[in-house]
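Protein chains: 2
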Amino acid sequence: MTSPAKFKKDKEIIAEYDTQVKEIRAQLTEQMKCLDQQCELRVQLLQDLQDFFRKKAEIEMDYSRNLEKLAERFLAKTRSTKDQQFKKDQNVLSPVNCWNLLLNQVKRESRDHTTLSDIYLNNIIPRFVQVSEDSGRLFKKSKEVGQQLQDDLMKVLNELYSVMKTYHMYNADSISAQSKLKEAEKQEEKQIGKSVKQEDRQTPRSPDSTANVRIEEKHVRRSSVKKIEKMKEKRQAKYTENKLKAIKARNEYLLALEATNASVFKYYIHDLSDLIDQCCDLGYHASLNRALRTFLSAELNLEQSKHEGLDAIENAVENLDATSDKQRLMEMYNNVFCPPMKFEFQPHMGDMASQLCAQQPVQSELVQRCQQLQSRLSTLKIENEEVKKTMEATLQTIQDIVTVEDFDVSDCFQYSNSMESVKSTVSETFMSKPSIAKRRANQQETEQFYFTKMKEYLEGRNLITKLQAKHDLLQKTLGESQRTDCSLARKTVFYMSFTSLENFKEVLQE
Amino acid sequence: MTSPAKFKKDKEIIAEYDTQVKEIRAQLTEQMKCLDQQCELRVQLLQDLQDFFRKKAEIEMDYSRNLEKLAERFLAKTRSTKDQQFKKDQNVLSPVNCWNLLLNQVKRESRDHTTLSDIYLNNIIPRFVQVSEDSGRLFKKSKEVGQQLQDDLMKVLNELYSVMKTYHMYNADSISAQSKLKEAEKQEEKQIGKSVKQEDRQTPRSPDSTANVRIEEKHVRRSSVKKIEKMKEKRQAKYTENKLKAIKARNEYLLALEATNASVFKYYIHDLSDLIDQCCDLGYHASLNRALRTFLSAELNLEQSKHEGLDAIENAVENLDATSDKQRLMEMYNNVFCPPMKFEFQPHMGDMASQLCAQQPVQSELVQRCQQLQSRLSTLKIENEEVKKTMEATLQTIQDIVTVEDFDVSDCFQYSNSMESVKSTVSETFMSKPSIAKRRANQQETEQFYFTKMKEYLEGRNLITKLQAKHDLLQKTLGESQRTDCSLARKTVFYMSFTSLENFKEVLQE
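The listed protein sequences derive, respectively, from chains A and B. Taking UniProt numbering, the leading residue of the first sequence gets 1, the next gets one more, and so forth. Taking UniProt numbering, the leading residue of the second sequence gets 1, the next gets one more, and so forth.
If we strip away everything but chain A, and leave its shape as in the complex, we get (with noise of 0.2 Å):
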């Protein structure tokens, strides 16, 4: 017989077996307390996203509020302006129509951000409390199926318990049953044994008295022989059908193992997945998505609309021109730009000659006179084309200045991730620049000069203007032919003389 040191006894046994179900029961404890950890987690982010979106919403309606203000200060005073008609004509004039287009962008961007906070609270909220209540009804009925789950298997790892205890129960019958028949067999063969011996002793004794003692002997051994044949056949039976029962709670035993394990590989590997995305997140991500979606369809078209109106600045901006505002100011207060009358002749006392008189004496004293301003006008064209020149230099030079093209300010959005970052960078982008005030200086001193060339040329060109014109007339008058008669006979050389002088003054001094 082997030691009992050699198999583990019942005991042990079922011991191992309840703390392998007791570490499975606390597992699926665990993995309730988890859905639910998921459920309020979920719910405590919808909660988040509520009061994000409704704190976002004052935020929008606030700025939205004073855009608007700031919009309607400043409309307010052009609408106060008692002349309407002043306010239109100024309209045309391209700066302030880039004013009026900034306002305008205010205010629309004022609506869009009013609107923005609108769908907050009336759109977008409202997906979020209803993909909360979604999620907290759905978690619920989702535990149910899963404590469903759990409880059947559970059930099945009883049933293992149980099928297993029979089989010990059993085993240990068959076992105890073949004990006693093996015993049953030892004694059938101890009585076989002493019925030989007997026989031997009796052999040297008289006939007579001997054959009586024998027949006695020979009755007692038969029957107890007969007696312990009867009990090995009776615990053989007993033997037989405790093995039987013993093989068939084994077989149970195996079977039940067998779907445990299926049961348990089935529940971890399938259940659970299926319970947690066919169950607990149903429909949650697609709600969630559409939610957000909506979010971003809102900040999208407010991105449109602000763009929109940036373009119609920008186009304005584009369209900022001095020569076009002048002539829109000149149509405007045109009584007041537009070139009067000619002065005509005036004819004193009936006076019929209306035309220079070009005759002798005063002929020859005109064609002098003539030859004279000719020879002026081209030193004083000359000289101011050289003054004209170097103010074009001049004013180049100023395009130059005030068109650098200094307003690109990306580098502003470039942060590194300090906030301090901003700042410095900011404060870089224009005054700090020294070449900023340095080209300042330079500007105004290139101003300087310009205006001194300005000056100086349009002096000149008034001047050639007057006798352009003085001498045109002579030249024309000269080269027609004479029929103006001046009645006119002698004594005109004594006049010339001097009459030629003084013109010739009259050419210098002008």
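Source of the hints: derived by calculation from the structure; they are not laboratory data. Quick reminder that beta carbons are idealized off the backbone N, C-alpha and C, glycines included. It is possible that part of the hints are untrue.
A few chain B residues that face chain A, going by a derived Cβ cut-off under 10 Å, partial list only [claimed, not checked]: (1) Leu153; (2) Leu272; (3) Gln359.
Once you've looked at the hints, dock chain B against the given chain A.
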């Protein structure tokens, strides 16, 4: 001689000229006033622009602070979470990722609006200040130039006035000289006629007494004629001189007239125009352009930065995914979700057989049982497949409900011009739609049905798994060659009958 009525008197001509000049002077004053006004308007506009951007900078800063607060409020919450590891874990879940990106976006916008505000204050406003300074300075200089031009013009007009008066004077002189000359010529004619009559009367007297008388008379006549002739010559000379002076004066008048008209034309057509666009507007439009482009650059950079953030969110929203979240969750809580050890066969009291025993007498019973399981399974599978189909169809219906694309809010940004319309458009967008309420109810109904089917399906799967496991083991064992010795001899039929019955019951129960 012609009557005075027929031609203008000096006074009239002068009066007319005076009014004409007065009108021009008035226009010149108006022109200066007009430039002053434009200057004022310009300064005012630039002042408004500065105020506008100063106020807007405040608004942006305000907005930025509120956004910052909003983000911090929720970020602080997550930071405060004791278990940082847990927080990290949660971040791998796609909805949490979206949430984090939302908060990042708010932080980003907050930062960008601070930058915007900063650019307004430190870049754009200073530019307007400069433009304003420049405009003021330029207008001052321009007015000087304009004044100079106007003075010159007035000088020209005064010159014309004086030469005209000279012409009048000399022309008057020449006319009076002419009339005096005519008078002298009449007297001469009278004298000559008288002397001829006397000669005719003396013929009838004696020769001696009449001779002395004739000589006396002759002497008187001759002297008076001489006197008259002298006078006539003097007057002739005077007239010639004055006539020449008058002609010269008229010529000067005509030349001055030409020069004046030319100067006036030049001033109105060229000078004024140059004054406005080459002096007053010098660099104004260009500088304004740069200032406004700085504004545009800032706004567009803000827009771009915001858009990048929105792209990130959109990407995260696209990645909202239940399946991968489930995977992450199960990895996260691996110890909770990992399947336990397989249950092994535990031999009782050194039981040597660890396999299913399929010899007689149990063999035929097992065979029968295996067949019963098989037929039961095929029925169950067909039934459960049906349930599964229904369940999946219902799931699809729910999917369709929760993935309906109802998140486009473009309409809300299509305003009619009245602000009222905004409200109406928005409130229409989501909640008010009756379709939504209907959809919700419908959804929950479907959901209820889905869960019923889901439970049914899982139960079915549960049973199938167990029976399948038992069936497969039986089939496997019966298929094998029967090595196992159950050391069993007789009396099996009796047991068979009852055990098979018992097992059949078991099969039905399961």
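Hints, one by one, checked against the model:
With its C-beta approaching chain A no nearer than about 9 Å, leucine 153 (chain B) sits inside the 10 Å limit, and its interface hint holds. At a threshold of 10 Å, the smallest CB-CB gap from leucine 272 (chain B) to chain A is about 6 Å, leaving the interface hint in force. For glutamine 359 (chain B), the interface hint holds, since its Cβ comes within 10 Å of a Cβ in chain A; the closest pair sits about 9 Å apart.
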